[in-house]
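J.: What follows is the residue order along each chain.
There are 2 protein chains.
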Amino acid sequence: MIHLDFSKSSDGLIPAIAQDWRTGEILMQAFINEAAWEKTLATGVATYWSRSRKAFWVKGETSGHLQRIMEILVDCDQDSVVFKVEQVGGAACHEGYRSCYHRRVEDGELRIVGERVFDPANGHGT
Amino acid sequence: MIHLDFSKSSDGLIPAIAQDWRTGEILMQAFINEAAWEKTLATGVATYWSRSRKAFWVKGETSGHLQRIMEILVDCDQDSVVFKVEQVGGAACHEGYRSCYHRRVEDGELRIVGERVFDPANGHGT
Numbered sequence: 020m021i022h023l024d025f026s027k028s029s030d031g032l033i034p035a036i037a038q039d040w041r042t043g044e045i046l047m048q049a050f051i052n053e054a055a056w057e058k059t060l061a062t063g064v065a066t067y068w069s070r071s072r073k074a075f076w077v078k079g080e081t082s083g084h085l086q087r088i089m090e091i092l093v094d095c096d097q098d099s100v101v102f103k104v105e106q107v108g109g110a111a112c113h114e115g116y117r118s119c120y121h122r123r124v125e126d127g128e129l130r131i132v133g134e135r136v137f138d139p140a141n142g143h144g145t
Numbered sequence: 020m021i022h023l024d025f026s027k028s029s030d031g032l033i034p035a036i037a038q039d040w041r042t043g044e045i046l047m048q049a050f051i052n053e054a055a056w057e058k059t060l061a062t063g064v065a066t067y068w069s070r071s072r073k074a075f076w077v078k079g080e081t082s083g084h085l086q087r088i089m090e091i092l093v094d095c096d097q098d099s100v101v102f103k104v105e106q107v108g109g110a111a112c113h114e115g116y117r118s119c120y121h122r123r124v125e126d127g128e129l130r131i132v133g134e135r136v137f138d139p140a141n142g143h144g145t
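Chains A and B, in that order, are what the protein sequence lines are.
Remember, our numbering sits 19 above the position in the first sequence when you count from 1.
Remember, our numbering sits 19 above the position in the second sequence when you count from 1.
Just so you know, these hints were derived from the structure itself, not from any lab.
All of these numbers come straight from a predicted model, not from anything done at the bench.
There's no promise every hint is true.
Remember, identical chains collapse to one label, so a pair may be satisfied in a single copy or spanning two.
[Claimed, not checked] Taking lysine-lysine pairs in the DSSO-like style, the calculated list, with each CA pair at most 27 Å apart, reads:
| hint | residue 1 | residue 2 |
| --- | --- | --- |
| 1 | LYS58 | LYS27 |
| 2 | LYS27 | LYS73 |
| 3 | LYS73 | LYS58 |
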């Protein structure tokens, strides 16, 4: 069991960054607490801690669009991790884009540059 | 000026992820507050907020190993950003590795897999 340092934020959470294991695209970032970290290691499926719901959040649990863990990297301070994942369904973003980071700063505005895999209005969800 | 949502953590900070703009390698993750965000936009150089020093942290300010901003991506909730950077000097990690995420979880242990660009014992620093 690898111990991370959850002590630096007052809420006991550290960032977990999901990156496409094949393309290197950063898909999303969420937070984990110690229990979510343990669940991720034990299940091989990315499990975060939802700050809004104050509950475990198995990404894609309802939609089936899970993130299968292919590799985990830990930073030098052990207070930030990268989940290299296979994103089932192809879209990490609840808006249907492959990545939550689908907008780029351009001339002081946000311009959509990411690829949309599905339209959530058509009944998909994450 | 693009406004981000700094309200979700009690400390008013959001994660900023530095990614090599050419290779896609994730180099490090630190935090920004609103002022660090504004400074990053204004200067074109990655500027974080140091939680330990409670001060601005221009990455590489003393060593010269700055991170030049090539592109900025913003996530769907506007509470997490990716800085695509050119890492001057080649190493983001104060331990001399190209990336702070130079260790991989393997069989319940951390194994070094990242490339070391310099040895900080020889007088370099970040």
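J.: So, for every hint listed, does it hold in this structure?
T.: Evaluated hints:
no.	hint	in the structure
1	LYS58 with LYS27	both (21 Å within a copy, 24 Å between copies)
2	LYS27 with LYS73	both (19 Å within a copy, 13 Å between copies)
3	LYS73 with LYS58	within (16 Å within a copy, 33 Å between copies)
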